[in-house]
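Chemist: Here's the letter readout for the chains.
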Amino acid sequence: MSSPTDLPKDAESRLAELGHGFFTSDLSVNEFLLVKETGFHPLGFVMGSSIYHTGIQGRRWSKSQELSKLTEAMYNARELAMTRMEEEADELGADGIVGVRLDVNYYEWGSDAAEFIALGTAVKAEDGKSYRNKQGKPFTSDLSGQDFWTIMQTGYVPQGLVMGTCVYHIAHRGLGQTLGSVGQNIELPNFTQALYEARELAMTRMQDEGNTLGATGIVGVRLEEKSHQWGSHTIEFLAIGTAVTKSAGDVTLPRPTVIISLDN
Amino acid sequence: MTGPGDLPEAATRRLESGSFSSGLTVPDFGACLQMGLRPVGLVQGFCAMQWSWYGAGSPYMRGTSPYGTSDGGQGAYSQSWRCPHGLVSAEHRAWGQNYEQTWVESAWLQGFGSAYGRLIEEAKEVGAHGIIGVTDTSHNLADMNVTEFHMLGTAVVVEDAPAPPGGDPWSTYLAGQRLAKLIEAGFMPISVIAGIASVRVWAYCMTEYLMEGRVGTYGWGGATSTQEIEQVSEGHLAARALAREHVRRQLGSDMLHGVSITTAEREVGSGDQVLECTLRGTRVRRFKGFDPMPTPRPTVRLS
Amino acid sequence: MSPDSPLPIDVRAEMRSAAAWLADGGAAPNGRAVTSDLTIDEALLLHSIGWEPVELVFGVSVTSVPVGVWTWGRGEIGAASDAHNLAVHTAAERLGRECAKAGGHGVVGVQVSVEVNPHHVDVHLVGTAVRPVEGKKPGQTFVSDLSARDFVLLSNAGWSPLGLSFGASFIYAPRRDAATAIRQSSQNIELTNLTEALYSARESAMERMQASGLAMSAQGVVGVRITEGPMRFARHVIGFTAWGTAVRLVADNHVYLKPDMVLPLDDAVVQFEAQSLRGR
Numbered sequence: 001m002s003s004p005t006d007l008p009k010d011a012e013s014r015l016a017e018l019g020h021g022f023f024t025s026d027l028s029v030n031e032f033l034l035v036k037e038t039g040f041h042p043l044g045f046v047m048g049s050s051i052y053h054t055g056i057q058g059r060r061w062s063k064s065q066e067l068s069k070l071t072e073a074m075y076n077a078r079e080l081a082m083t084r085m086e087e088e089a090d091e092l093g094a095d096g097i098v099g100v101r102l103d104v105n106y107y108e109w110g111s112d113a114a115e116f117i118a119l120g121t122a123v124k125a126e127d128g129k130s131y132r133n134k135q136g137k138p139f140t141s142d143l144s145g146q147d148f149w150t151i152m153q154t155g156y157v158p159q160g161l162v163m164g165t166c167v168y169h170i171a172h173r174g175l176g177q178t179l180g181s182v183g184q185n186i187e188l189p190n191f192t193q194a195l196y197e198a199r200e201l202a203m204t205r206m207q208d209e210g211n212t213l214g215a216t217g218i219v220g221v222r223l224e225e226k227s228h229q230w231g232s233h234t235i236e237f238l239a240i241g242t243a244v245t246k247s248a249g250d251v252t253l254p255r256p257t258v259i260i261s262l263d264n
Numbered sequence: 001m002t003g004p005g006d007l008p009e010a011a012t013r014r015l016e017s018g019s020f021s022s023g024l025t026v027p028d029f030g031a032c033l034q035m036g037l038r039p040v041g042l043v044q045g046f047c048a049m050q051w052s053w054y055g056a057g058s059p060y061m062r063g064t065s066p067y068g069t070s071d072g073g074q075g076a077y078s079q080s081w082r083c084p085h086g087l088v089s090a091e092h093r094a095w096g097q098n099y100e101q102t103w104v105e106s107a108w109l110q111g112f113g114s115a116y117g118r119l120i121e122e123a124k125e126v127g128a129h130g131i132i133g134v135t136d137t138s139h140n141l142a143d144m145n146v147t148e149f150h151m152l153g154t155a156v157v158v159e160d161a162p163a164p165p166g167g168d169p170w171s172t173y174l175a176g177q178r179l180a181k182l183i184e185a186g187f188m189p190i191s192v193i194a195g196i197a198s199v200r201v202w203a204y205c206m207t208e209y210l211m212e213g214r215v216g217t218y219g220w221g222g223a224t225s226t227q228e229i230e231q232v233s234e235g236h237l238a239a240r241a242l243a244r245e246h247v248r249r250q251l252g253s254d255m256l257h258g259v260s261i262t263t264a265e266r267e268v269g270s271g272d273q274v275l276e277c278t279l280r281g282t283r284v285r286r287f288k289g290f291d292p293m294p295t296p297r298p299t300v301r302l303s
Numbered sequence: 001m002s003p004d005s006p007l008p009i010d011v012r013a014e015m016r017s018a019a020a021w022l023a024d025g026g027a028a029p030n031g032r033a034v035t036s037d038l039t040i041d042e043a044l045l046l047h048s049i050g051w052e053p054v055e056l057v058f059g060v061s062v063t064s065v066p067v068g069v070w071t072w073g074r075g076e077i078g079a080a081s082d083a084h085n086l087a088v089h090t091a092a093e094r095l096g097r098e099c100a101k102a103g104g105h106g107v108v109g110v111q112v113s114v115e116v117n118p119h120h121v122d123v124h125l126v127g128t129a130v131r132p133v134e135g136k137k138p139g140q141t142f143v144s145d146l147s148a149r150d151f152v153l154l155s156n157a158g159w160s161p162l163g164l165s166f167g168a169s170f171i172y173a174p175r176r177d178a179a180t181a182i183r184q185s186s187q188n189i190e191l192t193n194l195t196e197a198l199y200s201a202r203e204s205a206m207e208r209m210q211a212s213g214l215a216m217s218a219q220g221v222v223g224v225r226i227t228e229g230p231m232r233f234a235r236h237v238i239g240f241t242a243w244g245t246a247v248r249l250v251a252d253n254h255v256y257l258k259p260d261m262v263l264p265l266d267d268a269v270v271q272f273e274a275q276s277l278r279g280r
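Protein chains in written order, with the working numbering: chain A, 1 to 264; chain B, 1 to 303; chain C, 1 to 280.
A portion of the hints provided could be inaccurate.
[Said to hold, decoys possible] Label pairs and their computed distance ranges (CB to CB):
| hint | chain 1 | residue 1 | chain 2 | residue 2 | range |
| --- | --- | --- | --- | --- | --- |
| 1 | B | Gly269 | C | Asp252 | 33 to 39 Å |
| 2 | C | Val250 | B | Gly269 | 48 to 54 Å |
| 3 | B | Gly166 | C | Gly50 | 50 to 56 Å |
| 4 | C | Arg97 | B | Gly269 | 49 to 55 Å |
| 5 | B | Gly252 | C | Arg225 | 55 to 61 Å |
| 6 | A | Glu12 | B | Asp168 | 37 to 43 Å |
| 7 | B | Pro84 | C | Leu214 | 37 to 43 Å |
| 8 | C | Asp10 | A | Asp10 | 31 to 37 Å |
| 9 | B | Pro84 | C | Pro118 | 49 to 55 Å |
| 10 | B | Pro84 | A | Ile186 | 51 to 57 Å |
| 11 | A | Tyr107 | B | Pro298 | 32 to 38 Å |
| 12 | A | Gly214 | C | Val224 | 27 to 33 Å |
Just so you know, the hints here were simulated from the structure itself, not pulled from any lab data.
Heads up, the beta-carbon is just placed ideally off N, CA and C, and yes, glycines get one too.
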């Protein structure tokens with residue numbers, strides 16, 4: 001599996017079985033009904049996976065810096081998993097994938113190896129119109145069935161799950177110099193600058209991806225911080241969200257009814 | 001980076017790009033559009049503060065209150081207790097005091113304030129009228145004596161409305177339907193605010209014995225029955241009342257809506273404690289008269 | 001839109017006028033600042049019955065437990081129950097006093113935190129003082145751990161909260177002599193002395209709660225929560241507490257709510273919490 005264009009054999013045969021009106025999906029009944037309500041039909045459960053070796057990068061103990069090789073690795077691994085999932089969806093002739101989940105698994109047998117998995121449900125528009133994105137690929141989104149319905153009501157169409165990442169190393173003893181004024185509680189400007197920059201980089205990269213898709217904006221952005229298996233001084237900042245473009249004019253949501261629930 | 005006016009390079013680049021990003025969930029995004037709010041960007045502010053407990057207020061320098069031994073002083077809270085026993089001994093704590101650690105409070109406020117200032121600055125950069133769905137966290141970084149203050153929010157423009165006075169965006173912890181309901185209730189958000197109080201309890205003999213349950217043993221409490229440990233209760237109440245007072249000072253005659261309270265207790269010796277209380281909420285101002293909606297219909301789920 | 005439950009206003013227009021008002025200098029109204037930890041839903045509901053929040057109020061009490069009470073003994077530990085009683089009572093009283101001082105008629109949504117330590121019992125109460133918008137004279141200040149929503153529902157049904165009703169009981173787990181223990185270890189039988197001890201301790205905690213409710217001339221206690229279990233620091237001591245809000249029918253008759261039935265189409269999704277943005 002050197003390039004993402006060749007899916008495993010089982011995937012091919014599984015996908016071949018789908019697409020004759022039979023579908024699988026991890027949508028709940030409510031989500032299924034709402035996706036149908038939006039004018040889409042589920043085609044099948046799709047996934048992509050990539051096992052990546054991450055963890056090689058020299059860091060200088062005393063310097064706060066971005067670990068660009070690790071950043072690249074984390075990014076590429078997710079991108080590979082996503083691309084494979086998109087290929088599966090493409091095989092099914094899907095317009096898009098909803099409810100995408102991105103997971104990272106670590107196994108005991110590979111200390112620095114991590115499996116990146118992308119899962120979701122491929123959907124196709126029932127009116128025959130193409131909802132594929134600017135790059136001719138099925139759109140991806142981490143929206144639930146409810147969210148998918150809501151966003152389509154507002155006149156926005158999802159384009160793709162976009163992300164940006166930045167792996168950063170925080171200096172261990174770099175503080176020594178700034179500790180000159182013992183007994184004071186002070187801001188650490190270098191520190192602030194470094195971590196602020198790291199988060200901004202992750203967000204900028206995500207936004208760049210959105211721009212590539214010609215998105216009007218990105219909704220539901222989450223900013224995650226994880227140390228994975230690198231120890232507490234190395235942190236991955238991951239920004240992830242769904243890029244959307246405005247399609248129709250303003251479609252106003254029906255005004256909700258006010259109720260008070262007597263349920264626990 | 002000593003104050004606003006100094007965003008990192010990536011921030012400026014990110015905020016200049018044409019598309020918006022928003023931290024809002026889809027339902028909140030929908031509600032936001034419905035209210036005529038156009039998201040213009042995800043904005044953040046950050047500040048890393050170093051704490052050193054080895055100075056004033058350190059457990060190793062017990063009793064080094066900068067206010068000396070007198071009550072009050074510089075307008076800060078302090079309250080003293082004296083030993084009822086008339087004993088003179090190096091081991092007997094004949095005197096105790098609760099005092100406000102204003103230096104801790106001002107450092108915390110500096111961290112919160114800097115992060116907030118940068119959040120506002122980023123929002124101004126994108127020409128926002130307001131910031132909604134603000135989250136703020138402060139937690140300790142790695143294993144060092146460093147606390148980071150991080151704020152995140154979605155900058156919005158109110159369509160067909162003029163910019164706020166001075167171009168300073170308003171801000172709120174609320175987003176989506178909750179914000180819509182706030183407006184419906186007749187309140188306009190002004191800003192997110194926080195107040196902190198840090199009170200040091202420096203126990204005197206009675207507090208020490210009572211906290212250790214040693215009263216009956218020496219017969220000094222006069223009784224083996226239960227009694228209130230006044231100094232500690234007062235300390236807790238003072239920390240909370242001070243935090244409330246600190247937000248009140250920023251409030252004018254506005255309302256602080258949806259306060260979240262966090263309290264922390266740190267034991268630094270028998271009966272000696274540091275008590276902290278933080279209040280955060282959205283400062284809101286009534287823009288129309290009291291006009292309540294009718295009580296909603298009660299419902300029961302059928303599932 | 002059913003006439004029963006309209007949102008009476010156009011949110012978009014309202015937002016725009018609020019923003020314009022602010023841009024125009026939007027002066028704050030005169031009067032004292034208000035602090036409240038109610039959610040917007042609770043505030044709206046409170047408004048719907050003509051009430052408003054006044055002030056965030058606190059009540060704290062730390063009460064000593066004499067040394068030696070936890071060491072093994074028999075029966076009930078009176079000193080522990082006394083300490084609990086004193087701490088809750090003092091804290092609730094302070095809460096009520098803060099409320100009265102702020103001009104509130106009562107405290108709703110009280111968060112109760114009770115911590116029993118070897119040498120002291122800590123009780124922390126936080127709530128929001130509320131009052132009717134039309135300045136009526138306050139009656140007896142009430143303290144209630146009901147949420148603002150529950151308070152509104154109860155009020156509409158004609159009931160009024162009176163105060164916190166509580167009770168506690170701490171006992172030593174009864175010992176069995178060695179011969180009994182050995183005899184019982186090979187049999188499947190009820191350990192009657194254990195049953196009896198725990199049963200009666202539970203009963204006395206609830207009985208005390210009831211008694212405190214009756215003392216307020218309440219007609220009932222709603223939302224009772226009970227805790228029970230061994231003490232963290234003394235596994236042979238079992239503590240029981242019971243809590244609730246004492247209520248009384250103030251209308252002539254109970255007003256029936258007649259709820260509508262709804263069939264929701266949501267999954268049990270977590271409602272938006274801004275903190276979830278951080279993926280924590």
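Chemist: Next step is simple, just say for each hint if it's right about the structure.
Modeler: Now the hints, each set against the structure:
no. : hint                            : result
1   : Gly269/B / Asp252/C: 33 to 39 Å : 60 Å, violated
2   : Val250/C / Gly269/B: 48 to 54 Å : 51 Å, holds
3   : Gly166/B / Gly50/C: 50 to 56 Å  : 37 Å, violated
4   : Arg97/C / Gly269/B: 49 to 55 Å  : 31 Å, violated
5   : Gly252/B / Arg225/C: 55 to 61 Å : 39 Å, violated
6   : Glu12/A / Asp168/B: 37 to 43 Å  : 59 Å, violated
7   : Pro84/B / Leu214/C: 37 to 43 Å  : 39 Å, holds
8   : Asp10/C / Asp10/A: 31 to 37 Å   : 56 Å, violated
9   : Pro84/B / Pro118/C: 49 to 55 Å  : 24 Å, violated
10  : Pro84/B / Ile186/A: 51 to 57 Å  : 42 Å, violated
11  : Tyr107/A / Pro298/B: 32 to 38 Å : 52 Å, violated
12  : Gly214/A / Val224/C: 27 to 33 Å : 59 Å, violated
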